[in-house]
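Student: The chain contents come next:
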Amino acid sequence: MEDKLIKQISIFAENKPGRLEEITGQLKSAGINIRAFTIAEAGDFGVLRMVVDKPDKAHGVLHDAGFTVSETDVLGVEMSDSPGGLHDIATVLGANNINVDYAYAFATATENALLIIRVDDISNAITVLGGAGVVLIGIEEVK
Amino acid sequence: MPEYWDPLIERMPVEELKKVQEDKLKQLVRYVYDHSPFYRKRFDEAEVSPDDIQSLADVKKLPFTVKQDLRDTYPTGMFCVPQKQVVRYHASSGTTGKPTVVGYTENDVKEWSTSLARGLTSIGVGRGDVVQVGYGYGLFTGGLGLHYGTEMVGASAIPTSSGNTERQIELMQDLGSTAIACTPSYFLHINEVTKKMGVSIENDTKLKCGIFGAEPWSEEMRRRIEEQTGIKAYDIFGTSEISGPLFTECTYQDGIHIWADQFLIEVIDPMTGEPLPDGERGELVVTTLVKEALPLIRYRIGDLTIINSEPCKCGRTHPRIMRILGRTDDMIIVRGINVFPGQVEDVLMSIPEVAEHYQLIVEREGELDRLTVQVEVTENVFSDKISDLMKLEKKVGKALHTVLNITGKVELVEPGTIPRSMGKAQRVIDKRNI
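Chains as they are written, first to last, in my numbering: chain A, 1 to 143; chain B, 1 to 434.
Extracted from the complex, chain A is given alone in its bound form (with noise of 0.2 angstroms):
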């Protein structure tokens, strides 16, 4: 299982001008090649999420920066990309009771494209998912 989880890196940051860019400076300057990314936002603040190729690095890093850094387990499901993609891994899912608290996704050169998703229930999501045939991204993928 453990090969198929994906180390999110998770970082709380004021809503403010120069946030960002503070954070990508300090990834650029020690090496590290963001995956994927997306920003929440809530307001005052938001929560930056990021697959990086050197997850613990990055969270050093980070922490030693002095921002609030957090690892999350999340997974990189492959889907088609085409009409449907996505609609059959979240039937998948909802048909198996899973709930999904975050997505955020992207396409890739290929034919697929790459979804990750935090889910309530990981080990049952990598069973069933598994189960129907989907594809999970391990973290060596990711590098």
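Do not take every clue at face value.
[As the list claims (entries may be wrong)] So, partial list: chain B residues that the calculated Cβ filter (under 7 angstroms) puts toward chain A:
(1) D6
(2) P7
(3) L8
(4) M322
(5) G326
(6) V377
(7) E379
(8) F382
(9) D388
(10) E411
(11) L412
[To be verified] Taking lysine to aspartate or glutamate and the DMTMM-like style, the derived pairs with C-alpha atoms no more than 25 angstroms apart in a straight line are:
(12) A/K7 <-> B/E414
(13) A/K16 <-> B/E376
(14) B/K385 <-> A/D3
(15) B/K208 <-> B/D174
(16) A/K16 <-> B/E363
(17) B/K313 <-> B/E379
(18) B/K409 <-> A/D3
(19) B/K409 <-> A/D44
(20) A/K57 <-> A/E111
(21) B/K60 <-> A/E111
(22) B/K391 <-> A/D73
(23) B/K26 <-> B/E3
(24) B/K431 <-> B/E379
(25) B/K196 <-> A/D81
(26) B/K398 <-> A/D3
(27) B/K18 <-> B/D174
(28) B/K391 <-> B/E367
(29) A/K28 <-> B/E379
(30) B/K409 <-> A/D64
(31) A/K16 <-> B/E365
(32) A/K7 <-> A/D53
(33) A/K16 <-> B/E266
(34) A/K57 <-> B/E192
(35) B/K313 <-> B/D261
(36) B/K195 <-> A/D81
(37) B/K385 <-> A/E111
(38) B/K391 <-> A/D3
Source of the hints: derived by calculation from the structure; they are not laboratory data.
Using N, Cα and C, we set each Cβ at its ideal position, and we do this for glycine too.
Chain B: place on chain A using the hints.
Tutor: Only chain B this time, still in chain A's reference frame:
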């Protein structure tokens, strides 16, 4: 380690103590009337003469003095001795108005140090202890006050003053500080810096207690400091006008002992000036019974407290005052409701997710006051789910509303954003132009 600095005085039966106070009060009014044109005029205007003061109860016949009197007579218009008898001056920073100057005779310095020697002894600090004095040295009374008290009990003083935090921590380890005296907010900052340096106060230092004051702090803050650092946190009280830091709690942490042979305290209704009975909350009024250079008669310090005249479990018979959570001039009025920063701190610190650094911001939008409480989000509580963070905001907002009856906006901010203070923390930013 002796239990008392001066057992005879500290454990004196209450009735005898009152007799001592009565004699000293009678001498005092005669002394100020004869030595200070200011007091003579004040007494004459109030139509009271030293002969009218025959018992402790007569103190209420005397007029109050206030900080403005010290400002009006700046620098030394209220002094009762010529300059050649003054061995020390201190002065207030004047942040809230014109500065004030306080002078001390040789005996005044001795009485001041004695008061602290009793307090330090009551928390188990004495010969063999190393006291790191992290209050500012200079015109501010904190540093030198604690310094002299420390030397009097035979402990070693390290005059670090405030600031240069990493050096403070090195000295704490290298010289084996067993006690530290500073503002509670500065100690929190020291604790933060020790963590960054990979030092644990509990495991890597000999620190056993802290003597914290010069700003209001709450019982909840005490609990946190003690839990996080393994030391005992004691409250100290005093203000430059009556000498400086003077009084501490004892190991029972059940009120601050006010030495009755040196000071006479009352609590009054701040609106009417009428004395209030023991146990009622009001404004503290202090009469200095033994000061020579600048005696103060019924001085309105502005702190709100409650007097407890019951002898303490430690055996000391002198009256105690409850921890001071606010001053009349710290109070902010938000939408017509009186808010004391200490009250807010008590609420915030009772919520485990809220870190020790916080700030209140009061603004005015149109005709309406707006209160914003900023709290820092630390990694211990950070959830990457927005809904959890929103829940925290709501929880804090609800707790404040329950206690203060004010709806405030709660703002979560990044750690380190709220300014750290080396001296008195600025917890309230009032941006209203009233």
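Student: All the hints need checking, so say for each whether the structure fits it.
Tutor: Now for the hints, and whether the structure bears them out:
The beta carbon of B/D6 is not positioned within 7 angstroms of any beta carbon in chain A (closest approach about 49 angstroms), and the interface hint is therefore violated. Because the closest C-beta pair between B/P7 and chain A is about 51 angstroms apart, greater than 7 angstroms, the hint is violated. Given hint, B/L8 at the interface with chain A, is violated; its Cβ is 55 angstroms from that chain's nearest Cβ, farther than 7 angstroms. Of the supplied interface hints, the one on B/M322 is violated, with its beta-carbon coming no nearer than about 36 angstroms to a beta-carbon of chain A, more than 7 angstroms.
Interface hint at B/G326: violated, since its Cβ lies 28 angstroms from the closest Cβ of chain A, which is beyond the 7 angstroms cut-off. At about 5 angstroms, the closest approach between the beta carbon of B/V377 and any beta carbon in chain A falls short of 7 angstroms, and the interface hint on this residue holds. The interface hint given for B/E379 holds, since its Cβ lies 5 angstroms from the closest Cβ of chain A, which is under the 7 angstroms cut-off. Here the hint on B/F382 is kept, as its CB sits about 5 angstroms from the closest CB of chain A, short of 7 angstroms.
Look at B/D388: its Cβ only gets to about 10 angstroms from chain A, farther than 7 angstroms, so that hint breaks. Interface restraint check for B/E411: the shortest CB-CB distance to chain A comes to about 5 angstroms, inside 7 angstroms, so the restraint holds. This hint holds: B/L412 has a C-beta 5 angstroms from the nearest C-beta of chain A, less than the 7 angstroms allowed. For the suggested pair A/K7 and B/E414, the alpha carbons sit about 22 angstroms apart, so the restraint of at most 25 angstroms is met.
A hinted pair counts as satisfied when its Cα atoms are at most 25 angstroms apart, and A/K16 with B/E376 qualifies at roughly 16 angstroms. Pair hint B/K385 plus A/D3 holds up; C-alpha atoms about 23 angstroms apart against a cutoff of 25 angstroms. Taking the CA atoms of B/K208 and B/D174, the gap is about 15 angstroms. The hint holds against a cut of 25 angstroms. Simply put, A/K16 and B/E363 have alpha-carbon atoms about 20 angstroms apart, close enough for the 25 angstroms limit, and the pair holds.
The suggested pairing of B/K313 with B/E379 is violated, with an alpha-carbon distance near 42 angstroms, which exceeds 25 angstroms. Distance hint between B/K409 and A/D3 is unfulfilled; the C-alpha atoms sit about 43 angstroms from each other, more than 25 angstroms. With a C-alpha separation of about 11 angstroms, the suggested pair B/K409 and A/D44 falls inside the 25 angstroms cut-off, and the hint holds. Taken as a hint, the A/K57 and A/E111 pair is broken in the structure, with Cα atoms around 31 angstroms apart against an allowance of 25 angstroms.
The hinted pair formed by B/K60 and A/E111 fails the criterion: a straight-line CA distance of about 91 angstroms is larger than 25 angstroms. For the hint linking B/K391 to A/D73, the alpha-carbon distance of about 22 angstroms falls within 25 angstroms, and the restraint holds. Restraint check for B/K26 and B/E3: not satisfied, since their Cα atoms lie roughly 32 angstroms apart, outside the 25 angstroms limit. For a cut-off of 25 angstroms, the pair hint linking B/K431 to B/E379 is broken: about 30 angstroms separates their Cα positions.
Annotation: proposed proximity of B/K196 to A/D81 is violated, straight-line Cα distance about 47 angstroms (limit 25 angstroms). At roughly 43 angstroms between alpha-carbon atoms, B/K398 and A/D3 are farther apart than 25 angstroms, so this suggested pair is violated. In summary, the hint linking B/K18 to B/D174 is not supported, as the alpha carbons are separated by about 46 angstroms, beyond the 25 angstroms threshold. With a C-alpha separation of about 30 angstroms, the suggested pair B/K391 and B/E367 falls outside the 25 angstroms cut-off, and the hint is violated.
The hinted pair formed by A/K28 and B/E379 meets the criterion: a straight-line CA distance of about 23 angstroms does not exceed 25 angstroms. Between the alpha carbons of B/K409 and A/D64 the distance comes to roughly 30 angstroms, so the proposed pair goes past 25 angstroms and is violated. At roughly 21 angstroms between alpha-carbon atoms, A/K16 and B/E365 fall within 25 angstroms of each other, so this suggested pair holds. Distance check on the hinted pair: A/K7 and A/D53 sit about 10 angstroms apart at the alpha-carbon level, within 25 angstroms; holds.
For the hint pairing A/K16 with B/E266, the CA-to-CA distance comes to about 50 angstroms; that exceeds 25 angstroms, so the pair is violated. Between A/K57 and B/E192, the direct Cα distance comes to roughly 23 angstroms. Compliance with the 25 angstroms bound is thereby established for this hinted pair. Only pairs whose Cα atoms come within 25 angstroms are accepted, and B/K313 paired with B/D261 is accepted, the gap being roughly 20 angstroms. Between B/K195 and A/D81 the CA atoms are separated by roughly 48 angstroms; this puts the pair beyond 25 angstroms, and the hint is violated.
With a C-alpha separation of about 31 angstroms, the suggested pair B/K385 and A/E111 falls outside the 25 angstroms cut-off, and the hint is violated. This hinted pair does not check out: B/K391 and A/D3 have alpha carbons roughly 33 angstroms apart, beyond 25 angstroms.
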